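2 protein chains.
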Amino acid sequence: MSKKVTIRDIARELDVSISTVSKALRNMKEIGPETTQKIQAFAKLMNYKPNSIAISLKNRKTKNIGVIIPEIVHHFFSTVVKGVEELAEERGYNVIVCLSDESFSKEVVNMELLANGSIDGFIVAVAKETMKVKDYHHFYEVIDQGMPLVMFDRVVENVLCDKVVVDDLMGAYYAVNHLLETGCRRIAILTTVDYINVGKMRTDGYLKALAENDIPVVEELILKIEDIDNCEEEIQKLFENQTFDAVFSVNELFAVLGMRNAIRQGRKIPEDISFIAFTDSILSKSVTPALSTVTQHAVQIGRIAAQMLINRLDDEISSDGFSTQIVKTSIIERETTKSTKISTFK
Amino acid sequence: MSKKVTIRDIARELDVSISTVSKALRNMKEIGPETTQKIQAFAKLMNYKPNSIAISLKNRKTKNIGVIIPEIVHHFFSTVVKGVEELAEERGYNVIVCLSDESFSKEVVNMELLANGSIDGFIVAVAKETMKVKDYHHFYEVIDQGMPLVMFDRVVENVLCDKVVVDDLMGAYYAVNHLLETGCRRIAILTTVDYINVGKMRTDGYLKALAENDIPVVEELILKIEDIDNCEEEIQKLFENQTFDAVFSVNELFAVLGMRNAIRQGRKIPEDISFIAFTDSILSKSVTPALSTVTQHAVQIGRIAAQMLINRLDDEISSDGFSTQIVKTSIIERETTKSTKISTFK
DNA sequence: AAACACTAGAAAACCGTTTTCGTGTGGATA
DNA sequence: TATCCACACGAAAACGGTTTTCTAGTGTTT
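Chain order of the listed sequences is H and L. Going by the working numbering, the first sequence opens with residue 1, and the numbers climb by one from there. Going by the working numbering, the second sequence opens with residue 1001, and the numbers climb by one from there.
Covered stretches of chain H (in silico footprint by chain L; criterion: 3 or more residues with CB under 8 Å from a CB of chain L, positions within the stretch not fixed):
1. 53-63
2. 78-88
3. 94-105
4. 114-126
5. 251-257
6. 286-297
Honestly, the hints are just simulated from the structure, not real lab data. Nothing here was measured: the structure is a model prediction, and the numbers come from that model. We put the CB at the ideal spot given by N, CA and C, even for glycine.
Given these sequences and hints, build the entire structure.
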């Protein structure tokens, strides 16, 4: 086991001073070419790598960015992380991922842990519990210490920082409009409880689309699911007790579970009943029939968030003027919605 | 914006030495009770948090563990990370996640980056490309520097380190046996090319099960998929050109895509054709009919890997005696395989 | 020959904390 | 009263680098 070689080791071996080594490694003209040559060659030979801890301590910069997400086994969040990772790598930053597990206390602990020198800035999607208890002191503290913070998707209105959000309302609006355009009239919605920001926004988009098309809102067709583990029963009940010709779902899972009910009832998709859902992952692509979706460009969101953070870090921009980027969604038509063209031709 | 307060600030304010502050904060009996009292109270007031970088520098420990996985938008890998995170948190460690993107060079770069002081040890699933080019120098270097390394799932035989692997061969064996027991005789396999360790192992398990039951191996029923992006066509061709009454797949995706072909051909699942696949994520649970799977206990794998690493880190065990933990799989029977009971009753 | 410019390298400061090794005060002991 | 020992605290080194300042030596210019 060969220990890590330090600048000091090189200096000793080559019988020069450590400052000479330091300068030579950074190609300073102050050091003669052949000395520089020799030192660099030896350093490479010894497989020397500067200790990043020492450098971090000296420059008070870690070149690490901390990402805190509620869940990692989650297509949207992991895809955002991928985007963050991509851009961070391009700009020479590392990514440290921590999970809040949707818990307020874990979010606080993780932030405090990372804030003490491990990272230069945060990218966060706020935990459900935090949104519920509305306690944002950990965000304020971090900002107060001069550490940049970027929120994405699950954002808090009152916290002053850069934000990246999905255009959930309009995404839902267009999705429901698409159902309307293809001839659907009684549209059920599978959504979440209102304290989940994105669920609320998507529900509002659904309502807006109905309103603009003079379709009456039927309360019985609005299913707000609290507990994701028991969603299957709730969805089944909806299918048993109500009739409708389309389903708009705020996520893939609810939609696919809905499709199961439709299939078992012997209904044809999309002829008898159409489906469209937020989130575009393997699930949508691989189920049969393939699910039409509203894609949120998660990689893009990650990249933008990382961009905002690193710009602030590198340019040392003063803290005034925070911006909120809104990322538009797009609809991917697959097999669970009728073609707009065909319905026009009819 | 209030700057971070250091131990030095406290010393200056209270007009004592920095060593006194350091000791008082750590409750050393060397310091008088009322001084300790005063210093701790003031530190709390100032919201003092020790700088972890400095501590890392001092004790040459970061309390961080680095996880390198090929993909994050991947159910198995992200679930393993969740397991690692869980256990790391219990033991007071942070997790730094880096992605190799299945690329050899990114794997090397990321390891070098993290190895320079950012972390105390590694948990790695080897990238496809690395397995292909068989260049493992970065693993040897890290081990040589005395940094513990734990490999999981995608492991390299020759690298001496702790390992956690799925019992892929037996998992596949039992899965195929299950198909056999429920009356299937012509069983197709959807697998990957042989340089992917787990694909190879699962194929071997398939072969073993057939051999032990005196079922002839039909080469045409073995589909080795290289490029995951074009797998749909390849699978379709198999369904068009061959007949079989069951499919064993090394992952969920291939199976679900296979099911699509069966459904379109109007075949009944599982009566006409059965399906069973490795990996148990939302996909299996939510497709219709729900897919029977071989679950790999990914959280468990993550926990074990983290356990092995942290034990070595905390106990400072000498580097001899590496172990390989084999995690058994289990079969989850859902709707794509016939019930064993029923076939017995028949 | 004196003044000057340049190059190379030695030495020290610095980052925030822990740790080792004093040092001075006071009370107890001889 | 002189010696010893706790006790409470402080000075300084260490961790591993970077950076700055200072010194010494060489060669060129006038």
